[in-house]
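Engineer: Sequence:
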Amino acid sequence: MPNRGKRFSSLEELIDFLKGDDLNEREPSAGYTCVEFVKDFINRAQAKGYCDVFFYSLSGENMKRFKEALSSIKIEKKREGRVEIRDYSNFITSENVGHAVVKTTVGEIEVIIDPQIDVVLALEGFSVLYEGEILYDN
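In my numbering, the protein residues as written are -4 to 133.
There may be inaccurate statements among the hints.
[As the list claims (entries may be wrong)] Computed Cβ-Cβ distance ranges for the label pairs, DEER-style:
#: 1; residue 1: Y27; residue 2: T100; range: 23 to 31 Å
#: 2; residue 1: P23; residue 2: E56; range: 23 to 31 Å
#: 3; residue 1: V78; residue 2: V30; range: 32 to 40 Å
#: 4; residue 1: V78; residue 2: K98; range: 19 to 27 Å
Hints were generated in silico from the structure; no laboratory data involved. Glycine is no exception: its CB is placed at the ideal position from the N, C-alpha and C atoms.
Turn these sequences into a full structure, and let the hints guide you.
Structural biologist: The structure is reproduced here in structure tokens:
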């Protein structure tokens, strides 16, 4: 197998990369969609030496499983002395529309990353490996 560059050796290494990167703070728009998020993520990862990062398109059954995985995530946010429970319910509205994400390998596990929200899922089974961080206000 040819050397394709550096890989994320652990989930912790990938999470550190995500936390150190600010791409998820960018607002999506008609001119900056999931496709542009993925392209920018790949460029940023490659600039750091990670070459095992690829464009991956979700549709059909995989899109449905992706949406189900996101709906299982609830994140506590402390704000102004109180705790709010936030989720990704407004993020993906239909499994009938495709969605672009990043595919990579962490150790020996294939994962997908949504660079808009930094969620990491195992490609097999769509189990949540990292819940990301909800930055928007409800």
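Engineer: A separate judgement is required for each hint: does it hold in the structure or not?
Structural biologist: We went through each hint and held it up to the structure:
Y27 and T100 have their C-beta atoms about 27 Å apart, which keeps the hinted 23 to 31 Å range intact. Our hint of 23 to 31 Å for P23 and E56 holds, since their Cβ atoms are close to 24 Å apart. Taking the beta carbon of each, V78 and V30 are about 35 Å apart, inside 32 to 40 Å as hinted. A hinted range of 19 to 27 Å for the beta carbons of V78 and K98 is inconsistent with their spacing of about 34 Å.
In terms of the numbered hints stated before, the structure departs from hint 4 and from no other.
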